[in-house]
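Student: Residues per chain, in single letters:
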Amino acid sequence: MSSAPSSRELTPPPGGVLLEVRNIAKRFGEREVLKNLSLQIASGEFLTLLGESGSGKTTLLRLIAGFEQPTAGEIWMGGARLDSLPPYKRRVNTVFQQYALFPHLSVSDNVAYGLRVSGVRASEIPARVVAALGMVKMHEYAEARPSRLSGGQQQRVALARALVNRPQLLLLDEPLSALDANLRKQMQSELKSLQRELGITFLFVTHDQEEAMALSDRIALLRDGALEQVASPREIYSRPATSYTAQFIGQTNLLRADVREGIATSGNLRWPCSLQSGTVLFSLRPECIRMMNDNSLPTEVVRFRGRIQQQMFTGSVEQLEVDCSGKILRVRIPAHGVLNGEHEFGFDPMDAVPLSG
Amino acid sequence: MGFPMNAAITKPRSPLLAAFSLFVFAFLYLPIVVLVVYSFNQTGVGGFPPRHFTFHWYRQLFADGPIWDSVLNSLLVAFGAVVLSLTLGLLAALALDRANFPGKSLFRRLVLLPLVLPGIITGLSLLMFVNRIGTPLSLLTVFLGHGTALISVATTELFAGLQKMDRSQEEASLDLGATPLQTFWRITLPNLKLSLIASGLLIFTLSMDEIAVTFFLVGRENTLPLEIWARLRRGITPEINAISTFIFAVSVILILIWYRIRTRSIGKEAQELIERH
Amino acid sequence: MYSRAYKTIISAPPLLWVGLFLLLPYALMFAHSFWQVRDGLIVHEWNLQNYSKLFENPVYAEVLFRTARIAASVMVLSLILAYPLAYYMSFHSGARKDLLYQLVIIPLWVSYLVRGYAWKTILGSEGVLNGFLQFLHITKEPVSFFLYSPFAVILTLTHIYTPFVFLPLYASLEHIPRNLIEASHDLGASPRTTFFRIILPLSIPGLIAGATFAFVLTLGDFLGPMLVGGPSSIMIANIVQSLFGTAYDWPLGAAIAVCILVLTVTLLFFTERLEKRWAFR
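Protein chains in written order, with my numbering: chain A, 2 to 358; chain B, 191 to 467; chain C, 1257 to 1537.
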């Protein structure tokens, strides 16, 4: 909390900037939902707003869509001011969480809606609708009513309805959260390839960090209305900026260590560290801790002995809880068979990532 | 995160729409306001502006024996109608909810018919009925008319209440050893408490105000609306304004209570709806 | 889950009551329409004379058409008043929605008689309206057509039935998920376009229900004309009422009542079908 990073994105994205959020704040009555948030979204990228419920991610999305007005700050898109436009004048389309398909219109009328109200020539519309439905593999259901479709099918129609308008930016508000696990995985894959194919900028909102990691070019992690970190999935995973990030994305061990004269000491663990002296919080991922055996291994590895307290087999991996002189560490190793008692473990000191909060 | 279905959208205000709505409200309330104002007017029911403020007409009202007799009659009929309609309405709602029998959809339509049919139809058909069986017109026939017409109100409200009820509560009760009767008494009825009170209030108010059906079934004893009607034939005096104001005040209080009760039971439902998202 | 005994106990009383006091009376009314009146007594000779009287004498058709016209006027005027109000309350009233709803239902439950009487005192030659106009020197003499005219009947009945029309309309507007409106805006439709393409179509079931209410109830209304109507605004139910009163001809009255009943039920049947067709959920 004390050294929370400012809600500013520290490095601009690669490529041209499409959308710029400048010092946005949003308050609902007494509650401050977004606090001085700034963010840039590159053209053609798949950016995910990740966070818990209440983190402000949906509010930010709605501000960009135009359903809410910022209390302070501005939003710019393509060099022009966006937040002063009503939603029906923005080149932004939304895929709603509950799909929001029009129940009194058929699937193809739903998809055609945006084209019709914008005055697209009537002769062009059928072809575009068919193409959009084909993109989401729903062309068979063109004349069906939404009430007859399953959740996954409705979701595809909602996607087609948004994409057919060729928006500059597509907003997706937790579109997969109502689907079951298998369908979800399938849709994730389809969304990703669709985005690649079309090159449209996607702004995706979710609370599921695995989903965010799988889909995004970059992840913007929100917490209590502020940006915790914005980076690519690999970057955010291997170099989390704060303990919150380290724990929200993936699992980790938090080690509070005293750094003195190049050595970090945390309980029974000591490893070389080139930081300045002081107390530092480190993040050490479970899969970075290996179980030592008699095979020759690099000597830079920091070793320690620990007693296995719990072992969970999850198919490809063992998840261990190891007691290292009072400190419980989570360790992840490839499938090994049942283990007992004390073992020797080790990790590369480079994997102990210092956190700034 | 879901989206509450009834959150008001903060859109650019439409002053034209607001003004029109104000006009409609004015239209709805104007006659009543006039009525109330002129009930305090010395010089009669018309003309403009009202001249002398007085309680005279209210004093006359309170001393008016026949009016209060008719109020008593109305009360008797209303209470009777409440008891009858609630009882039969509850049974009808239960039957619609739980039983299947031949002619069920016909039954449902019949029960709801008096709600949508003009009162004269219901009134006349019952008149012919009591005439055939030789019953003289009296408060009893009025009571019959009100009870029959207002069952539909009770049935509708109680049926909605039953549908909202969590069925597994009754199953749990039976599972724990209670008989159907005990279950009905201890579980079903308490769950319907709010619906019962709400419909009871509504039936009471409607019965007190009922005139179309009553018109054909009334005997020598008048109910309040019929008494007022009789007075109207004789001539208009502000005393009628006074009694109307009185009726208005009491109706408002009853309806506001009814509304509170109803939104209490719906309030819970809305909460669940929002939570589910 | 429910035993046969349970189901019988709950079904029997209401079934009996409905059969005895609804079905039977309707049947009796139906029967009466085929009987005759002779020398002040009802005679049970089955015949179709009442109905032929209705079809032959143009007076009845004339009054029926006038009644239908008045009913249609009341329906249209009520809709014109109720729809914008319901729309405003559902979409623009914010925190005051609850309060406004209560304000609308209050006139609904205040006695018909009270409201009709109020208009009587307002519209009369010596009534409040005329007094007001004269006070402002807009008119010098009382205007007489305010009262005891079709105008008065339509005005009064519109006043009475507007809340009736409001209720189902408001309910169906409230039922429209707000995210549909957002979706419509998101796809580029202005608020005006959204109203015509999304809100209006989805509010049609409520609109039909409310309009039917107003029309059907006005069709069978006899109190309005008695309170504020004149000889030129006699409606069909008044004829029935007088046939059961001073004009003593129950069978003829029953015949007309049966016609009203058949008309009403047919209307209700069709509007119910229409409502179902427009209900998308």
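One or more of the hints may lead you astray.
What the simulated footprint calls covered on chain C by chain A, stretch by stretch (three residues with Cβ under 8 Å from a Cβ of chain A suffice, anywhere in the stretch; the number is not a length) [claimed, not checked]: (1) 1262-1269; (2) 1491-1502; (3) 1510-1522.
Going by beta-carbon spacing under 10 Å, a handful of chain B positions derived as facing chain C [said to hold, decoys possible]: (4) 266; (5) 269; (6) 282; (7) 367; (8) 401.
Derived by calculation from the structure, the hints in this document are not laboratory data.
Even glycine gets a Cβ: it sits at the ideal position worked out from N, Cα and C.
Student: Evaluate each hint against the coordinates.
Tutor: Hint check:
{"no.": "1", "hint": "1262-1269", "in the structure": "violated (count 0)"}
{"no.": "2", "hint": "1491-1502", "in the structure": "violated (count 0)"}
{"no.": "3", "hint": "1510-1522", "in the structure": "violated (count 0)"}
{"no.": "4", "hint": "266", "in the structure": "violated, 18 Å"}
{"no.": "5", "hint": "269", "in the structure": "violated, 18 Å"}
{"no.": "6", "hint": "282", "in the structure": "holds, 4 Å"}
{"no.": "7", "hint": "367", "in the structure": "violated, 15 Å"}
{"no.": "8", "hint": "401", "in the structure": "holds, 5 Å"}
Consistency note: the structure conflicts with the earlier hints numbered 1, 2, 3, 4, 5, 7.
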